[in-house]
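All chains, please: the whole structure from these sequences, using the hints.
Quick note, in the numbering used here, the sequence shown goes up one by one and the last residue is 202.
Hint data in this document are derived by calculation from the structure and do not stem from the laboratory. The structure displayed is predicted, hence computed values, not measured ones. Hints may be right or wrong, so weigh each one.
As a list, the in silico DSS-like pairs of lysine-lysine whose alpha-carbon atoms are at most 30 Å apart [stated by the list, open to error]:
| hint | residue 1 | residue 2 |
| --- | --- | --- |
| 1 | K113 | K182 |
| 2 | K169 | K79 |
| 3 | K182 | K79 |
| 4 | K79 | K113 |
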Amino acid sequence: MFLGEYTHSLDAKGRLTIPAKYRNELAAGLVVTRNPVDNCLLLFPQGEWERLAEKVSALPLTDPRSAAFRRAFFSAAEDLQPDGQGRILLSQRLRDYANIATDVVVAGMNKFVELWNPAAWEEKVGAQQSNADFSSDFFSTLSL
59 MFLGEYTHSL DAKGRLTIPA KYRNELAAGL VVTRNPVDNC LLLFPQGEWE RLAEKVSALP
119 LTDPRSAAFR RAFFSAAEDL QPDGQGRILL SQRLRDYANI ATDVVVAGMN KFVELWNPAA
179 WEEKVGAQQS NADFSSDFFS TLSL
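Structure (structure tokens):
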């Protein structure tokens, strides 16, 4: 389970140190790809990626929305293996997509992780916190 929010810095080679609490779940490998909805990256443990990939692959080939989603999701995906120090190399292409230069917000989303430019993260979280409709309407549908 991935919980919490961390800010880490990339090293000179573009490597991100994975938070220590996440390393065991990612030791078998992981996949990083673009988030087709937000300008951030999505990081999945290998098993979760395989489950999600099956669902996405089952979408109709003739549906233009499904095709666009598959293109964005799979074409940018990179299979990664953490090194002995718990680091992964984020490609320049992925860093450019998420506008990540040096600092990265690593945000746990239970079954996966989001990687954000810190300013974009603050803007996204701030906008959600100020949206009273989101808070009350959405949470009421969850019976919370």
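### Task
For the pair supplied as a hint, K169 and K79, confirm whether the alpha-carbon distance does not exceed 30 Å.
13 Å, holds
### Query
Taken at face value, is the distance from the CA of K182 to the CA of K113 at most 30 Å?
27 Å, holds
### Query
Do the alpha carbons of K79 and K113 lie within 30 Å of each other, as the hint requires?
Holds, at about 28 Å.
### Message
Checking one constraint from the list: CA of K182 to CA of K79, max 30 Å. Satisfied?
### Response
Between K182 and K79 the Cα gap is close to 24 Å, so the pair holds against 30 Å.
The structure meets every hint from the earlier list without exception.
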